[in-house]
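> Sequence:
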Amino acid sequence: MTPGNILRQAARAAEHALFVALALLMRLVRPLALVRVGKVATGRIGHFAADCELYLCQRELGLAPKRCIDLFHPEEFVSNQALLAMLRRNMTIHPLFRKLDEANRTLPGWERHTVDIFRKSRDVECLLSRTTARTSFTQEEEARGRQTLRKLGVPHDSPFIALYGRDSAYLASTFPSWDWSYHDYRDMDVADFKPCAAALAQEGYHVVRMGSQVKEPLEHESPKVVDYATSGHRDEFADIYLSAKCRFFIGVPGGIVALPMIHRVPTLYVNFIPLEYIQAWNPYDMFIPKKLWCEKKERLLTFGEILGSGLGRQLMSQAYVGNGVRVVNNTPEELRDAALEMDQRMKGSWEDTLEDKEMQRAFWGLFKASELNACFNARIASSFLRANTELVR
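1 is the number of the first residue of the sequence shown in this note's numbering; add one for each residue after it.
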């Protein structure tokens, strides 16, 4: 063994001994304060944003242990450095705490000194509606955000709608060694948004297509429709700012939809699948689901059949194929009609009929409280139910 190797081994041993000593100190100070250490899932923006916000909501509501000091370390890959900087205003996050976490787990009683905030981005306890957003913008950040809007041709006082259509480009580019085909059932063609974008532009809105890496641009004739994802002005901070400042957000369930969620921005979830994973907790949110065509029955499965068969929980493309089921995307007309309904509901001009209300009750009556949802406050679009009554009945 060379002297250099000996020195490196000695340095690693000394470093480990130091963190073990700090882990022991955590136990010694427990009568005064409970010190815990854990990881923040920074690798995927959805878990990163939502899990941290839900943790902060718990702290605000007094649901965390009293006299508790929590220390966090990020994963090696950070999906959004701007979000990390903003969260550090309310959370203690540093890579060095990874060593402390490892040392803590080598000692008896490590569980009591570990904090796990991974919640799969699910607000089962309806914490968001009981609190205000913890991730706010400084004056400098507000100025930076308005500058981005100007570059996109959106006046800062003009209402805009943010639009997101999930495809495989981001994961394929960011994690190229992984096979992400099991996620394909969640994707959509962004061109299906064209009638939706045109209708919203006609209502006077600017429409900003979101995304960091995308397969295709959203081509459109209207100057009010802006493809921010391919504009050259896209950056990690602007992803957060635009998601927080839009009038409402339209998006396929994917990581970025956590950004409007943590800022309490009303969201229209489109092409939602699987059905039982509906984000049902916020009364200002609305959604329309994908449909499932059963090859054996030669028809669409009803919502009751989807939930009763277990297909409402399937998270793998292969599960649908293996069950002889084809996933059917929302039509461009369904997307457009749901967006206009969302707009009218926010303006207070939408009126449900008695049949709309009955179908809404029938739909939610199919669900049972579980680890995925304990409260059902969101709404399935009435425009969607009117066009697909057979799926409820």
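Worth double-checking, as some hints may not be accurate.
[Claimed, not checked] Subject to a maximum C-alpha distance of 20 Å in a straight line, what follows is the list of computed SDA-like cross-link-like pairs (lysine to any residue): (1) Lys290 to Ser212; (2) Lys290 to Phe376; (3) Lys290 to Arg247; (4) Lys194 to Asn329; (5) Lys297 to Asn282; (6) Lys296 to Arg326; (7) Lys296 to Val328; (8) Lys66 to Lys99; (9) Lys297 to Glu333; (10) Lys368 to Arg313; (11) Lys120 to Trp350; (12) Lys39 to Ala14; (13) Lys39 to Lys120; (14) Lys290 to Arg264; (15) Lys66 to Ala14; (16) Lys297 to Val392; (17) Lys120 to Phe272; (18) Lys347 to Arg247; (19) Lys347 to Phe367; (20) Lys347 to Tyr277; (21) Lys194 to Lys66; (22) Lys215 to Glu203; (23) Lys120 to Glu216; (24) Lys99 to Ser212; (25) Lys368 to Tyr277; (26) Lys347 to Ile117; (27) Lys39 to Asp157; (28) Lys151 to Arg247; (29) Lys39 to Asn5; (30) Lys297 to Val321; (31) Lys99 to Cys126; (32) Lys290 to Gly365; (33) Lys99 to Lys120; (34) Lys194 to Asp116; (35) Lys290 to Leu315; (36) Lys194 to Glu216; (37) Lys357 to Asn282; (38) Lys151 to Gln58; (39) Lys99 to Glu216.
Think of the hints as simulated: they come from the structure by calculation, not from any bench. None of the values given here were measured: they were computed from a predicted structure.
> Which earlier hints can't be squared with this structure?
Violated: hints 1, 3, 5, 8, 9, 11, 12, 14, 15, 19, 20, 21, 22, 23, 24, 26, 27, 29, 31, 33, 34, 38 and 39.
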